[in-house]
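Protein chains in written order, with my numbering: chain A, 1 to 346; chain B, 1 to 269.
Because the hints were derived from the structure by calculation, they are not lab data.
On a predicted model such as this, the values are computed, not experimentally measured, just so you know.
There could be a bad hint or two in this list.
Claimed, not checked - Result set (SDA-like, lysine to any residue): computed pairs, CA atoms no more than 25 Å apart in a straight line:
| hint | chain 1 | residue 1 | chain 2 | residue 2 |
| --- | --- | --- | --- | --- |
| 1 | B | K84 | B | E131 |
| 2 | B | K84 | B | V166 |
| 3 | B | K62 | A | G223 |
| 4 | B | K62 | A | D152 |
| 5 | B | K36 | A | G240 |
| 6 | B | K84 | A | H281 |
| 7 | B | K84 | A | K337 |
| 8 | A | K337 | A | R245 |
| 9 | B | K34 | A | R153 |
| 10 | B | K84 | A | R234 |
| 11 | B | K84 | A | L246 |
| 12 | A | K337 | A | L246 |
| 13 | B | K84 | A | L278 |
| 14 | A | K337 | B | K34 |
| 15 | B | K65 | A | K337 |
| 16 | B | K62 | B | R26 |
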Amino acid sequence: MAVRPGFSFATGIVLLAMLLVSVVLSATMGYMNVPVSDVLEVVFRHFSGAGSELDPVTVAVVADVRLPRILAAVLVGGVLAVCGTIFQAILLNPLADPYTLGISSGAAFGASLVIVLQVFGLALPSALSVPLFAFAGSVATLFAVLTLAAGDRRLSSTSLILSGVIVAAILSAAIGFLKFLADEQVGIIIFWLMGSLSGVSWQDIFVLTPIALAGLAICLLYGRELNIMATGERAAATLGVNTVRLRWILLVTCSLMTALCVSVSGIIGFVGLIVPHLLRHLISPDNRWLIGLSFLGGGLLLLFADTLTRAVLPAEVPIGVLTALIGGPFFCVIFKKRQQDGTAGL
Amino acid sequence: MERQGFDILWQLDQVGFGYGDRAVVRDLDLQLEKGKCYGILGPNGSGKTTLLDLLCGLLVPKAGKVELCGQPLSGWQPRPLARKVALVPQDFVVRFGFSVREVVEMGRHPHLGRFATLTAQDHALVDAVMEELGIAAFADRPVTRLSGGEKQRVAVARALAQDPEVLLLDEATSNLDIFHSLSILGTIRSRVREQGLTVIAALHDLNLAGFFCDQLIFLRQGRLLHQGTVDEVLQSEVIQEVYGVDARVRQDKFSGCRQVSYRVPEKEF
Numbered sequence: 001m002a003v004r005p006g007f008s009f010a011t012g013i014v015l016l017a018m019l020l021v022s023v024v025l026s027a028t029m030g031y032m033n034v035p036v037s038d039v040l041e042v043v044f045r046h047f048s049g050a051g052s053e054l055d056p057v058t059v060a061v062v063a064d065v066r067l068p069r070i071l072a073a074v075l076v077g078g079v080l081a082v083c084g085t086i087f088q089a090i091l092l093n094p095l096a097d098p099y100t101l102g103i104s105s106g107a108a109f110g111a112s113l114v115i116v117l118q119v120f121g122l123a124l125p126s127a128l129s130v131p132l133f134a135f136a137g138s139v140a141t142l143f144a145v146l147t148l149a150a151g152d153r154r155l156s157s158t159s160l161i162l163s164g165v166i167v168a169a170i171l172s173a174a175i176g177f178l179k180f181l182a183d184e185q186v187g188i189i190i191f192w193l194m195g196s197l198s199g200v201s202w203q204d205i206f207v208l209t210p211i212a213l214a215g216l217a218i219c220l221l222y223g224r225e226l227n228i229m230a231t232g233e234r235a236a237a238t239l240g241v242n243t244v245r246l247r248w249i250l251l252v253t254c255s256l257m258t259a260l261c262v263s264v265s266g267i268i269g270f271v272g273l274i275v276p277h278l279l280r281h282l283i284s285p286d287n288r289w290l291i292g293l294s295f296l297g298g299g300l301l302l303l304f305a306d307t308l309t310r311a312v313l314p315a316e317v318p319i320g321v322l323t324a325l326i327g328g329p330f331f332c333v334i335f336k337k338r339q340q341d342g343t344a345g346l
Numbered sequence: 001m002e003r004q005g006f007d008i009l010w011q012l013d014q015v016g017f018g019y020g021d022r023a024v025v026r027d028l029d030l031q032l033e034k035g036k037c038y039g040i041l042g043p044n045g046s047g048k049t050t051l052l053d054l055l056c057g058l059l060v061p062k063a064g065k066v067e068l069c070g071q072p073l074s075g076w077q078p079r080p081l082a083r084k085v086a087l088v089p090q091d092f093v094v095r096f097g098f099s100v101r102e103v104v105e106m107g108r109h110p111h112l113g114r115f116a117t118l119t120a121q122d123h124a125l126v127d128a129v130m131e132e133l134g135i136a137a138f139a140d141r142p143v144t145r146l147s148g149g150e151k152q153r154v155a156v157a158r159a160l161a162q163d164p165e166v167l168l169l170d171e172a173t174s175n176l177d178i179f180h181s182l183s184i185l186g187t188i189r190s191r192v193r194e195q196g197l198t199v200i201a202a203l204h205d206l207n208l209a210g211f212f213c214d215q216l217i218f219l220r221q222g223r224l225l226h227q228g229t230v231d232e233v234l235q236s237e238v239i240q241e242v243y244g245v246d247a248r249v250r251q252d253k254f255s256g257c258r259q260v261s262y263r264v265p266e267k268e269f
């Protein structure tokens, strides 16, 4: 334990440095190659309002197209990983992720509904209404799940997970029906279900940033209580932790953060599951550190995946597919290794 | 029972609790005093765990009232209550790979402000408790890799790190072998003798109860049947009444306390 905080701190510094370098490098990559010096000049000069002698096209590509998308990747990845950390800690389940309570299904249902309504000739502007409906869908799902679970006054993790599974099962059947109705437009729904950061603008960043930071701050407030939750609800309660209130506050906070991410990027799986899982195992299970580290790690992973699909691969692959393809095998290797160590499933 | 008021910790008055129509604890009147070691005994389902949960506020009684130090238990905030009363559960399960030291340090939680870190004093207390329970040698090992006996000692250490006035043991040693049971209970008993700790322990083993406790409380079907010192109530008639088992109780010279031996009822086998 004497070693751990120092180790966690060092990891945090390394991750932060890697993240900053990756942001700059990612901005140089793409259809048009921009040198690092130009990217830095855009970042420091353009945004401080000073004049610059750079080609206006370069400035536009970096400042208006690449940077918002890069920042969105970092924020969405970071928020999903933080929410994963919290969900795993309060549901006492290492396999929980931000979507465990059916939030993704709710969002998908909302988004699919807009697309199907358009097929039936209802004129809704997709750019605005898809994220709006996705957000509304996930919030409605969250409240359905919480209402269902609240019959259990202790709000135990079993009740929550079970409620999430029930609601998600109903919703996925409903989504299947919507896909059937969408007929030829089904491709749009599927693309949305697989997630993409291609349409992100500065406006999204202005909404995402304050909410991501506020949510992160709330989660950090409860770091020590989350650690104590790992010893079980009964033990935590007798240590002075108000377990029911803690669950409510963090579930609502993280679900809203997740819903917002989904409304911006569609459904991106695996980041929220794998990042906290790995960092907990490799660095420290202490949530006071894990929450911040997960934010950096999640941001880094999603930025890597998004840069890969945007600038390296010949065609743009949906990013949710990519995160699962990168993360999945990696996860398998770790899991096998831990089985040999006898620590799997912890 | 003519005691001064400040010696009384809990005062239970006609307490009842149940789930739906099923009553688990009924019409319970009980007074628990400071500095004693109580054993709660009774068959499975007699309400031992429920009684402990009622004492530490995990359950709220459906009838009657529970007072701690003259104040209704419902009026206690969670953190002050946690500074006074600590619980050691039967199966101490820790998810995720927290180290032994990290888990014991969690016991300091009710004493710390939200952003406070452990002081040198806290660290010294944690070290002393780990030393006392013999877990200091593997302080940096993850709790998930310990054996049952080691894990349970960590649970007791965490409860003692809470620096409570009262320790509730919910069959805390039921799953342990006799060596580990005795070593844990011995550590706790010396705290009762030397530092005036109060212990309320739900137990299954009558012999352990005879060795460990000052006062015994016998429950059956949620009712209090007998309460008194070990000498008064650890009797074969009481055991027959509570458990329906043919037992003989004698003063044992070797252990220096009352010990029970049983006879298997012949017609059932």
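Which earlier hints can't be squared with this structure? 3, 6, 7, 8, 9, 12, 13, 14 and 15
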